[in-house]
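Engineer: Make the full structure from the sequences, and use the hints.
Line by line, the protein sequences give chains A and B. Read in order, the letters of the first sequence are residues 7 to 142 in the working numbering. Read in order, the letters of the second sequence are residues 178 to 241 in the working numbering.
By construction, these hints were calculated from the structure, which means they are not laboratory data. One thing to keep in mind: the hints can contain errors.
With a straight-line Cα cutoff of 27 Å, these simulated DSSO-like cross-link-like pairs (lysine-lysine) come out [said to hold, decoys possible]:
| hint | chain 1 | residue 1 | chain 2 | residue 2 |
| --- | --- | --- | --- | --- |
| 1 | A | Lys142 | B | Lys214 |
| 2 | A | Lys79 | B | Lys214 |
| 3 | B | Lys179 | A | Lys142 |
| 4 | B | Lys214 | B | Lys179 |
| 5 | A | Lys79 | B | Lys224 |
Since the model is a prediction, treat every value here as computed from it, not as a measurement.
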Amino acid sequence: MPMPCGTMNSATRRYLRRFFVALLLYILFIIAAVVAFARYHPTGPLAYALAVLPALGIIGQMAAFGLYLAEEKDEFQRTLGILSMIWGIGATLSVTVTWGFLEKFVHLRHLDLTLVYPLYCVLTGISYGLLQTRYK
Amino acid sequence: MKNRLRVLRAEREWSQADLAVRLEVSRQSVNAIETGKFDPSLPLAFKVARLFETTIEAIFSDES
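Structural biologist: This is the structure:
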């Protein structure tokens, strides 16, 4: 997710606080899941619950950005956030669908789906930077 | 969209940052509007007009 940095208004501060809380939860959840599967080899519903735990941290990060868009009063900054998200989604879909066809037809290495969100974050961040220069 | 923000601002000797504070937006937003790269919403256009004590049409024009 992009880090709005035009001005550090209250919506931006709240976004950063929520984002870092969600990031911290993601790190804790992924460590918990890795340790639990390595040591205790859980099965059944518990295994499913532990496996999806890290995703909650990522969903939290997306929710934080959604709340930022809802709370940002500066319409230009909000537009920058929305545009960078759209560009990020488009770029991520372009990369992953291209990778998918390469995987299918020329047996390129399998793309781990857990990498899609970090890829989206990077591409959205780049988009935000490009948009910033466009409006400077 | 063309606008007279720069002129109106200069008449009052306000910087972009001064105007941004008065409009409760970022300086970058003022710059984007002033340079015609971003069209403000109707509520913001009304806010700008009220601040300069004039009408929206006196500030913004849709002529290219």
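Engineer: Are there hints from earlier that the structure breaks, and if so, what are their numbers?
Structural biologist: none
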